[in-house]
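*Asks:* Sequence:
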Amino acid sequence: MSGLSPKEIASRVGEIAKPIIESLGYELFDVKYKLQAGRWVLTIVIDNPRDYVSTRDCEIVSYELEKQLDASDFIPGSYILEVSSPGLDRPLRNINDFERFVGKLAKVKAGKTYKGYIKSVNKETGNIVLDVDGKDIEINIDEVKSANLEIDF
Numbered sequence: 359m360s361g362l363s364p365k366e367i368a369s370r371v372g373e374i375a376k377p378i379i380e381s382l383g384y385e386l387f388d389v390k391y392k393l394q395a396g397r398w399v400l401t402i403v404i405d406n407p408r409d410y411v412s413t414r415d416c417e418i419v420s421y422e423l424e425k426q427l428d429a430s431d432f433i434p435g436s437y438i439l440e441v442s443s444p445g446l447d448r449p450l451r452n453i454n455d456f457e458r459f460v461g462k463l464a465k466v467k468a469g470k471t472y473k474g475y476i477k478s479v480n481k482e483t484g485n486i487v488l489d490v491d492g493k494d495i496e497i498n499i500d501e502v503k504s505a506n507l508e509i510d511f
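Per this note's numbering, the sequence shown starts with residue 359, numbered consecutively.
The hints are simulated quantities; they were obtained by calculation from the structure and are not laboratory data. Any given hint could be a false lead.
[Claimed, not checked] FRET-style restraints, in silico, Cβ to Cβ:
no. : residue 1 : residue 2 : range
1   : Gly469    : Asp431    : 46 to 52 Å
2   : Ser363    : Glu417    : 34 to 40 Å
3   : Ser436    : Phe511    : 38 to 44 Å
4   : Ala395    : Phe511    : 30 to 36 Å
5   : Tyr437    : Ser381    : 21 to 27 Å
6   : Tyr410    : Ser430    : 28 to 34 Å
7   : Ile495    : Tyr437    : 27 to 33 Å
Even for Gly, the Cβ is constructed at its ideal location relative to N, Cα and C.
Make a model of the complete structure from these sequences and hints.
*Replies:* Here it is as structure tokens:
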């Protein structure tokens, strides 16, 4: 099945990958299919809701996905399969991510850019409280343009 755009291929891979990844106890975080240095690269980003993602976790997912993707045979030509974690500075994309990382240092861009510790999350109101230099800053999730964890030294 040729003629699919890179975005369509990534979407199709996501549909195939999600149940496999979830059956292994992980979550699908992102899928990208793009040309890098003249080679097509399929990047699958996984998350472990209970712990960090290890190299072994990536190997397990890569092995299982490779079998399915080879069998489905809809990606034209050759490509490199990369499985990775969201990283230490992972994006925070929704209220659940903020709730999961209460107590962690984050950079949040809303009306202004704040860097502070996620103090609390109210899922009903959508409000997130950051401790920025000892001062509580309340931000509604709808105001968040982007957010990510920061490495805390």
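*Asks:* I'd like to know which numbered hints this structure contradicts. Please list them from smallest to largest.
*Replies:* When the structure is compared with the hints, numbers 2, 7 turn out to be violated.
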